[in-house]
Structure formats: C-alpha cells, structure tokens
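A.B. asks: Listed below, chain by chain, are the residues.
Number of protein chains: 4
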Amino acid sequence: MTSETFRLTLACRNRPGIVAAFSDYLFRQGCNIRESRQYDDASGDGRFYARVVFDGVDRPIDPDGIAAGFAPVAESFGMEWAIRPERRPRRVMILASKFDHCLVDLLYRRRIGELQMDVTAIVANHGPETYAGIDFDGAPFHHLPVTRETKAAQEEKLLALIEATGTELVVLARYMQVLSDDLTRRLAQRCINIHHSFLPGFKGAKPYHQAFERGVKLIGATAHYVTADLDEGPIIEQDVERISHADDPESLIRKGRDIERRVLARAVRYHIEDRVFVNGAKTVVFAD
Amino acid sequence: MTSETFRLTLACRNRPGIVAAFSDYLFRQGCNIRESRQYDDASGDGRFYARVVFDGVDRPIDPDGIAAGFAPVAESFGMEWAIRPERRPRRVMILASKFDHCLVDLLYRRRIGELQMDVTAIVANHGPETYAGIDFDGAPFHHLPVTRETKAAQEEKLLALIEATGTELVVLARYMQVLSDDLTRRLAQRCINIHHSFLPGFKGAKPYHQAFERGVKLIGATAHYVTADLDEGPIIEQDVERISHADDPESLIRKGRDIERRVLARAVRYHIEDRVFVNGAKTVVFAD
Amino acid sequence: MTSETFRLTLACRNRPGIVAAFSDYLFRQGCNIRESRQYDDASGDGRFYARVVFDGVDRPIDPDGIAAGFAPVAESFGMEWAIRPERRPRRVMILASKFDHCLVDLLYRRRIGELQMDVTAIVANHGPETYAGIDFDGAPFHHLPVTRETKAAQEEKLLALIEATGTELVVLARYMQVLSDDLTRRLAQRCINIHHSFLPGFKGAKPYHQAFERGVKLIGATAHYVTADLDEGPIIEQDVERISHADDPESLIRKGRDIERRVLARAVRYHIEDRVFVNGAKTVVFAD
Amino acid sequence: MTSETFRLTLACRNRPGIVAAFSDYLFRQGCNIRESRQYDDASGDGRFYARVVFDGVDRPIDPDGIAAGFAPVAESFGMEWAIRPERRPRRVMILASKFDHCLVDLLYRRRIGELQMDVTAIVANHGPETYAGIDFDGAPFHHLPVTRETKAAQEEKLLALIEATGTELVVLARYMQVLSDDLTRRLAQRCINIHHSFLPGFKGAKPYHQAFERGVKLIGATAHYVTADLDEGPIIEQDVERISHADDPESLIRKGRDIERRVLARAVRYHIEDRVFVNGAKTVVFAD
Numbered sequence: 001m002t003s004e005t006f007r008l009t010l011a012c013r014n015r016p017g018i019v020a021a022f023s024d025y026l027f028r029q030g031c032n033i034r035e036s037r038q039y040d041d042a043s044g045d046g047r048f049y050a051r052v053v054f055d056g057v058d059r060p061i062d063p064d065g066i067a068a069g070f071a072p073v074a075e076s077f078g079m080e081w082a083i084r085p086e087r088r089p090r091r092v093m094i095l096a097s098k099f100d101h102c103l104v105d106l107l108y109r110r111r112i113g114e115l116q117m118d119v120t121a122i123v124a125n126h127g128p129e130t131y132a133g134i135d136f137d138g139a140p141f142h143h144l145p146v147t148r149e150t151k152a153a154q155e156e157k158l159l160a161l162i163e164a165t166g167t168e169l170v171v172l173a174r175y176m177q178v179l180s181d182d183l184t185r186r187l188a189q190r191c192i193n194i195h196h197s198f199l200p201g202f203k204g205a206k207p208y209h210q211a212f213e214r215g216v217k218l219i220g221a222t223a224h225y226v227t228a229d230l231d232e233g234p235i236i237e238q239d240v241e242r243i244s245h246a247d248d249p250e251s252l253i254r255k256g257r258d259i260e261r262r263v264l265a266r267a268v269r270y271h272i273e274d275r276v277f278v279n280g281a282k283t284v285v286f287a288d
Numbered sequence: 001m002t003s004e005t006f007r008l009t010l011a012c013r014n015r016p017g018i019v020a021a022f023s024d025y026l027f028r029q030g031c032n033i034r035e036s037r038q039y040d041d042a043s044g045d046g047r048f049y050a051r052v053v054f055d056g057v058d059r060p061i062d063p064d065g066i067a068a069g070f071a072p073v074a075e076s077f078g079m080e081w082a083i084r085p086e087r088r089p090r091r092v093m094i095l096a097s098k099f100d101h102c103l104v105d106l107l108y109r110r111r112i113g114e115l116q117m118d119v120t121a122i123v124a125n126h127g128p129e130t131y132a133g134i135d136f137d138g139a140p141f142h143h144l145p146v147t148r149e150t151k152a153a154q155e156e157k158l159l160a161l162i163e164a165t166g167t168e169l170v171v172l173a174r175y176m177q178v179l180s181d182d183l184t185r186r187l188a189q190r191c192i193n194i195h196h197s198f199l200p201g202f203k204g205a206k207p208y209h210q211a212f213e214r215g216v217k218l219i220g221a222t223a224h225y226v227t228a229d230l231d232e233g234p235i236i237e238q239d240v241e242r243i244s245h246a247d248d249p250e251s252l253i254r255k256g257r258d259i260e261r262r263v264l265a266r267a268v269r270y271h272i273e274d275r276v277f278v279n280g281a282k283t284v285v286f287a288d
Numbered sequence: 001m002t003s004e005t006f007r008l009t010l011a012c013r014n015r016p017g018i019v020a021a022f023s024d025y026l027f028r029q030g031c032n033i034r035e036s037r038q039y040d041d042a043s044g045d046g047r048f049y050a051r052v053v054f055d056g057v058d059r060p061i062d063p064d065g066i067a068a069g070f071a072p073v074a075e076s077f078g079m080e081w082a083i084r085p086e087r088r089p090r091r092v093m094i095l096a097s098k099f100d101h102c103l104v105d106l107l108y109r110r111r112i113g114e115l116q117m118d119v120t121a122i123v124a125n126h127g128p129e130t131y132a133g134i135d136f137d138g139a140p141f142h143h144l145p146v147t148r149e150t151k152a153a154q155e156e157k158l159l160a161l162i163e164a165t166g167t168e169l170v171v172l173a174r175y176m177q178v179l180s181d182d183l184t185r186r187l188a189q190r191c192i193n194i195h196h197s198f199l200p201g202f203k204g205a206k207p208y209h210q211a212f213e214r215g216v217k218l219i220g221a222t223a224h225y226v227t228a229d230l231d232e233g234p235i236i237e238q239d240v241e242r243i244s245h246a247d248d249p250e251s252l253i254r255k256g257r258d259i260e261r262r263v264l265a266r267a268v269r270y271h272i273e274d275r276v277f278v279n280g281a282k283t284v285v286f287a288d
Numbered sequence: 001m002t003s004e005t006f007r008l009t010l011a012c013r014n015r016p017g018i019v020a021a022f023s024d025y026l027f028r029q030g031c032n033i034r035e036s037r038q039y040d041d042a043s044g045d046g047r048f049y050a051r052v053v054f055d056g057v058d059r060p061i062d063p064d065g066i067a068a069g070f071a072p073v074a075e076s077f078g079m080e081w082a083i084r085p086e087r088r089p090r091r092v093m094i095l096a097s098k099f100d101h102c103l104v105d106l107l108y109r110r111r112i113g114e115l116q117m118d119v120t121a122i123v124a125n126h127g128p129e130t131y132a133g134i135d136f137d138g139a140p141f142h143h144l145p146v147t148r149e150t151k152a153a154q155e156e157k158l159l160a161l162i163e164a165t166g167t168e169l170v171v172l173a174r175y176m177q178v179l180s181d182d183l184t185r186r187l188a189q190r191c192i193n194i195h196h197s198f199l200p201g202f203k204g205a206k207p208y209h210q211a212f213e214r215g216v217k218l219i220g221a222t223a224h225y226v227t228a229d230l231d232e233g234p235i236i237e238q239d240v241e242r243i244s245h246a247d248d249p250e251s252l253i254r255k256g257r258d259i260e261r262r263v264l265a266r267a268v269r270y271h272i273e274d275r276v277f278v279n280g281a282k283t284v285v286f287a288d
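Residue numbers (full-length UniProt numbering), protein chains in the order written: chain F, 1 to 288; chain D, 1 to 288; chain L, 1 to 288; chain Z, 1 to 288.
Hints may be right or wrong, so weigh each one.
Pair by pair, the computed Cβ-Cβ distance ranges are [to be verified]:
id	chain 1	residue 1	chain 2	residue 2	range
1	L	Lys-98	Z	Arg-242	28 to 34 Å
2	L	Pro-89	D	Asp-45	28 to 34 Å
3	L	Asp-229	Z	Arg-148	33 to 39 Å
4	L	Asp-229	F	Ala-67	57 to 63 Å
5	L	Pro-128	F	Ala-153	52 to 58 Å
Facing chain Z, according to a computed beta carbon distance under 8 Å, are these residues of chain D, among others [to be verified]:
id	residue
6	Glu-129
7	Gly-133
8	Asp-135
9	Asp-247
10	Arg-254
None of these hints come from the bench; they were simulated from the model.
C-beta: ideal position from N, C-alpha, C; glycine also.
Starting from the given sequences, assemble the full structure and let the hints guide the process.
C.D. replies: Right under this line is the structure:
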C-alpha cells in the first residue's frame, strides 16, 4: 500500500527552531519528509518559507489529525500555513480574449496531466466563434462581453462565477481587459497574468512594434500575480529569446507567443504545486 | 601569395540595383566576395545595409584604386560607405572607474588577438592605485579626475586626448560619469557604453539592489552607442541570466559582472569588425 | 495593387560574379529584392548559398517568364535553384506515435497561420483513439500499424500515400519507428525528425532516465533531416534547457516535451520558408 | 559584535528525523540557521544531502565544541559531514597548459574576492614564457614538463607538491594532459576539469573543428570531477551558446573560451563554497 502524499507550506518570521519544530513534529507523527525546500529571506524582517512534501512511513496518514496537531506549533511561530494532498487538482478559471495561444496551451497541458487542475470555466470577452476548433474538454464557456459602461456589471458576474464554481486560481491567459482595483484586491495572490517584457520596458499599445522601433536584441515575457498596480505585481516567472534586426514586428509577435505560453504555463504549474510564496513585492519560487 | 582582405561597408536608401552595382563592380575589378551580409529595412524609408568581405582572386588588391573607382557608383546611390583592410587594428580608448572587470576583460581579449585593436589610452577618474596588478601591456594610463566644477575642463582634456591619439572608438568600460551632451554629440556612433538591464527597468542608484527588491527572475546588460539621452542610444547587444529568490544583491552584482563584460566585449568586437550600422534609433548588427 | 512575392533559392560552387549575375538579372526584369541572405562556405569546395525574396517594382511578376529567363544564368554557374511564390503552402505529412505534443503543436501553429502548410495526412502506428480530442482540422488520418514482419509492407503503403497526396515534406513528430534505409534515401532532404539531445549523448532506450542517472545539467533536442544513419542527419535546429539534481525523470520528460515541440516547429518553419540548405553533412539555415 | 558564520554539510542515507536532529541540535547550541538547502534523492538508496549556514544568535560560536557535540548525532545517522568557517579560503592548485583563458579568469575572480581561495601553486607543462604578462599575484609557478617517458615521475612531483602545499582542490584549467588512473583516484572528488561539450558528442582531437564539420547549432562546456574514466566524472556545471553556419572553427573556439571559463569558474566556486556533493555518478549542487 502506498501512502498518500501531502504538501505542507508555511511562512513566518524567521527565528531559531522553526525547522526543528515542523520536522520534529512530522517525525513524531510517523511521517517521512520526501522533499524539503526552505528559504530564509535574511533581508528586511527575515521571513522564513518552507515547502515540505511528506508521506506516511508505514501507514496511511490522517491529514486532519496531523493538521489539528500542527496548529499549536504553527501558532507558536505565527505561521501562515496549509497542508494539502498532492493529488487534489486545483480549481482554475481561465480568462481569454482574442489570442488563444496561452489558453490552448494550458488546456493541452491539463489534458496530458502536466497541470494538475480542473478548469472551472473559460471566460472570454469574445464570443465562442473566436475559439472554434478548440476542444474545451468539458469546461463550460462563458461569454462575458465588456464595455466601459458595463465593466462594473461584468466584473460582478465574473466574481459571482468565481465564487459559484469554487475557483481557487484565476489565470489571465492574454485577457486584454484591465481588472478594476476592487477585483484585483479580491483576487489577491490568486490571479496570475502574463505580459510581454522588454529591455528596456515600454508603456502603451503595440509593444512588439515599439520593441521593433527601439531595436532591442531580446524580447521576453513575465508572469506575475495581479495587483492594482497594472503589470507590476509580484513576478513569478520570466523568460526571453534573442532577436535581431532581421526580425520584423510579425516575427517578434510569433516569438513572443512562444515565450508567453511557456512562461505562463510554468507560473501556473508553480502556483498549483504550491511552489510560490508572496514575499512583499516579490515571490519565493521553489521551482523544479 | 595570399591577397589581403578588405571590408566594404555601405548604407543607402534601398532601390533596385544596389547589390548588382557593387558586386558587379568588385567582380570587374578582379575581386572575390568571401562573405556578404545584407539587410533591407523594409520599414520606414527602406534603408539598405551591406557588409562585404573581399580579396583579390589571383593578384593583390589596390584598395585606393578600388575605392576611387567605387566612388561614382556609391555616389549614384547616395551611399555612406567605407573600404577598410581587415587586418588594420582599430584605435580604441578605454574609460574606466572603480570596477575593472570590463577593462581587464577587454585587455585580455586584445592580448590573445580576439579584439583587433590598439589601445590608445586607458583613462580613469580614479588614480592608478585602483588598477594595481593590471597589466596595461604598454597602453598609457591617464588619471583624469572629475568633479562637478571641473567636468567641462576634464572633458576638454579627454577630447584633446581622443584627437591627439587618433582614437576611433571610445569604450565606457563601467565608466561611472555621465558625458555632457556636447561630448556625446562629438562622439556620435563611436562611443559604446555598457549598463545593467532588467525586466522591468529601473531608474536611479543601486540597480542590482532595486532588482533584488523587485524580485526579478532575470538580470541582464545592454551595450549601446552613447547619445545625449542617457542609457538610451542604439542598442548593439544584450544578454541576460536567470536568477532566483535565493540570489542576494551581492550575487546579482557578481552575475551582473559576467554579463556586462561579455556583452561589452561582443559589442566592441562587432564595432571593430565593421559589423554594426546605426539605423535611426536602432542598429543593424551582422553578428557571428 | 500589391505585387506577389517570390523566393529564389540557389546553391552552387562559389566563384566571382554570382551575386552580380542574379541581382542584375532580377533588376533587369523589373524586380525588387526585398530580402537577401547569402552564405559562402569558404571551407571545402567553397559552396555559395542564397535566398532572395523579391517582388515586382510597379507591376505583377510573371514567375514562369522570370524562371525561363533565369535558367541560362543558373546553368552557367551550375546552380541548383528554385523560384517559389511566398504564399503557396507546402504540402506536409505528419507521422506520429503515442506522444502527441509535437503533432498538436504543429497543427496549432498551422491553424493560426504561423506554419504555411497544408497537412496532406496524419499517419500513425497507433489507432485514432490515441488522438481523441485532437482537432485534425480536416486532415485525413491514416492508421498504419507496423510490426517487424509488416514493416516493408507498411513503408510501401506510406510511400504510396506520400506520392498520392503530393507530399513535399514528411515530419516525424515523435514517430517512434526507425525508417528503412531505402525509405530514408527516397525522402532525402524532405523528411525531418526530432529527438532528444544530451551532453554527453546517450544511446538506447529511456534517454531521459539515462540523463537523470548521468546527472547532466542541460537537456536538449535536435531537429535534423533523416538519413540512413539514425539520428545523425544534417542538423537544422537545436535548443536546450537547464536542469538540476532536483529534476526527476518525470520533470525531464516534461521539460523535454517543451524543447522538442519548439525545436521541431522551428525546423519545419525554416524548411517551409525555404530557409534551409543541405551542405554535405550540415545545413545552412537563414533563420529569423 | 558579529558572530562568525559556519557551514555544516552532511550526507547520509535518508530516514525520518535527520532534519529534526541537526536543526534541533543547532538550536540547542544557540545557533541560528541562516540558510538551509536540502535534497532527498528518492531514487536508488535514498541519500539525503544538506548544506546549512549558521551563526550564533547572541554570542560567538565555538566551532570545535559544536563539532564535538554533533559527532554522536552524526554517527547515529551514519553521516559524512563537516563544519567549516565560511571565511576560510580553500587551498587551490591550478594546472594549465598552452591556453590561459581559464587560468587568467580564475586569478581575476580570486583577486576581486569572488573566489574565496588561496592559490597554492600554478603548475604548467609549458614554461613561464607562455604566461608572460599574467600577474600570478604571489602564487608560485612550477614548470613540470611531461613526456610519455617522464609522466610517472612528473605525477609524483605533482602529488608531492599537492601534499606539501596542503592543496585541497586541484583545478585543471585547460590542462591538456590526461592524469593517470592512480592519480585520479588519489584526487577523487577534489580535482575539477573543464572540457568542451557538443550535441552530439565527439571523440578525438580538434573538437571545435569536428563540431564545425558536423554542423551543430549549439556548443557548450562541462565542468566535472575527474575520475579514471576520462571526461566522464560527475558533472558539476554545464552551459551552451547558440552558433550558426556562419561560425567557422575560429569563432567556435572563441565562443568556446567564453563558455569554458564561466562554467569552470562556477564549478570551482560551487566546490569552494561547499555547494557540491557527489552522489554516485552525479552531483547535487546547491547553486546560487
């Protein structure tokens, strides 16, 4: 019999004895630590972060019992913490607009088991005809068009849908609408966006055309948690590709698609696998 | 007997017949095209750029004769152009401040023949004791300290030195002084700077500390021609490295040094080998 | 009225006058060279390669007339050459086995117009149930199972299908069958394969497990033309990703999928856009 | 008063309670864990590796007392372990041959404090005139020429020098001599080599020329511990750069130099900072 595997994630102000406390506790519960990643942010306040994968040594684990017993330990250190079964899919809603490369990629990775998620809904401000030929694999599609006048009402519908579906993570898969400050606050640390990134950066429309005009030699993409400060939330993942003067805006956009989809997919996977911790304006990512 | 090798570089408004004109001309002069790189910037005005490496088929070349004969061809197309012997070292002045990693790297690459340059002078706003243990290999060192009050006078000395030494290229090898607008204009397209680059970008002091605070996952460097618009001239080369939350400002600075020195060395080599053309706000680089 | 765009590709032994000859010819035909990439392989015999994109300056082009006129020019230089309209899709057959990440990726890129191809057939040694949920977008699917005994007969069917469908390029999209020497010869320079690549290399089964055992720090993939020498034909494209001791075989396979699909897609695009020339055991690739 | 910082490294067969044991012990000794990296190799026997950086909370640490007290803990788990002060430089001997790019780079990084090492000796099979202009910064130079006949005697001298100088790490900085099996055994896990790496790999002389002939699109380098199996010891670090058909053997060698020196420098730094553990045929590297 194989024991089920769990993930303990925790964050607290660092002080001596944290690792001893949780590892000692798990040891006494008959648990075996399979993987352990830790990080002590010695700067600032000195926050400590850990992700511990564990199972039972010779018998199944009672996660509720373990959690109940861990609560006083966690409290004594002021921990934010969670214990989650490794195999439970996260409930994820995907928002999309006209461009579908990120949407299609996420669905494909889910289908082959790379992303451990249930898609609660696919929401778009474009109609279903935009996504003809894409197999949603049973995920419900919602067309929520938006104009300046209807934005508040549309976001209310969106939020109601998020709540009704038990959505744990919202992914903006090239969703070209700016969320209101209020909505971003409600989705704090559970809404991931992807956007292009350049050296140097640009503001405004048609970024790949701007990058072409500016003659950059690298283009990239950034996946981050959404905050009220547009495109400036805690960064989860970034990547770049080399370009040259021979690239025109069309080829930049083509290369950008490849970077965007792989950066977003990595960020979503890191989140789903409890590898990301928000640490003020930045993140701790126990990547693999 | 091996015929000497030359490089023809040219830029002009694109129109039919340019390639035919220069390749036909070289053919009739008994020259053999060894390498030919061309680029037609179809955007904007449609500028055409070419770099042609050629030698004589069965006899030495008379470069002056070839240049004289090419002048009317070039004029008919409105070309900016030059013919240079491949083996002639470019005359390069290196400016440095406290950090010497770029300076040392450039000198090393010159020593092993990777950079085809004569170092006309090493100029620093720090004294020679800062560079103890560095073998300048015969290059004269000039200490030109600078304060806000003496800046104009210091730049005059610098310019006089540039002219007196026949310097063709000025390299700011982590030279931490901002050149005046006037000086940058005089050094247009013959002064290369290196600076850190991040996604997103930062302004102000201690950039690696800012990058750490912001939690970026990539750090990079940009080499560019200096213009009056600080850190914004035409980009010649860029590169990045992946970092993580485990990097502290010290390790970012360490990784930054590696990126800076290799990006600057590439940019200098591209310039010296006539591989870079300024095309408005950007460059065409026939890299290898 | 916009004139149609064409691509002239040519290869021949290098000697003075080639560029002059073709550019002069196109000029006299009233054509405008939009892009021109050339390469002179100075090693060995000295082969010259060119890819020229051109259109008519002020009138439509008659490609047949231009080709007819170019034939004697080409013959005088012993050129292998072709003139193709840029907009004509290439006819491509995709072969697949159990893993569908490359197949799905190629189909997606075709759907959004990134790959200019018509899929003549999807052929697999697994049955259609393996690919449930994949939208073939009208491309016919053929199940051609193969055993050691039926291999010769299966390859005959395959070849008949290639011919009947006017297939110009065969893509082995993780097709896990070794083609016979005879078939590889018939498909010379028009059959592309993708396989994993490691530093150092490995032979035999379960390569990602071997890479894990060996503790490599980088994994990669290679796309190449298929020759009788398995996995050793002329390389078109390669890429790698960094891994660490924290990666297990499962995560290597996951990262490998991402590398494989993007390397294969680039190689197919380069071929389709006439950017690849076979030069003995290697290739010349005018990448963008 | 700042307490001195120490590094505890340990490896043992994994079983429940290891982390609890060492973290609890350090806690009770009044130590603060500043950084902790751990890895459980769940494959094979299940080896556990940890690197713990710690200092005293409010008083200086007595490392000998701490080590003495830890010995029984370590013994109970069958640990291989060490406690080292972070600030003590490692004693490193550098072996070189004709090419000096790795040698010069290591010396530079030592000079600016990037590599925490004392150079016990620079040993070369070429005479000192080969390294004219390199500042050894006080490190003694030994010319130990070698022929097939004198190899055994030369290695004896080398070994005597290693012992006499208290050398802890031997770096083959492009040292072009194959060490005998006997010597590699004596230097097990304390001798690092750098060599070029390609996809696919090559055997024999002039590897960059072979890579050119084979038309690879990436070239790389591998740093590894030396074992009797030439170029096949546990890999510490690898990196690559993209090349193209436009690269000739000369430019491959140039790019190779850049990769070799940075890969070797990283591997040496990882070793010196106790970040590398040998795990059978591979390594665990707690990189930063």
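A.B. asks: Now tell me, hint by hint, if it's right for this structure.
C.D. replies: Status of the hints after comparison with the structure:
| no. | hint | verdict |
| --- | --- | --- |
| 1 | L/Lys-98 with Z/Arg-242: 28 to 34 Å | holds (31 Å) |
| 2 | L/Pro-89 with D/Asp-45: 28 to 34 Å | holds (33 Å) |
| 3 | L/Asp-229 with Z/Arg-148: 33 to 39 Å | holds (36 Å) |
| 4 | L/Asp-229 with F/Ala-67: 57 to 63 Å | holds (59 Å) |
| 5 | L/Pro-128 with F/Ala-153: 52 to 58 Å | violated (45 Å) |
| 6 | Glu-129 | violated (14 Å) |
| 7 | Gly-133 | holds (5 Å) |
| 8 | Asp-135 | holds (5 Å) |
| 9 | Asp-247 | holds (6 Å) |
| 10 | Arg-254 | holds (6 Å) |
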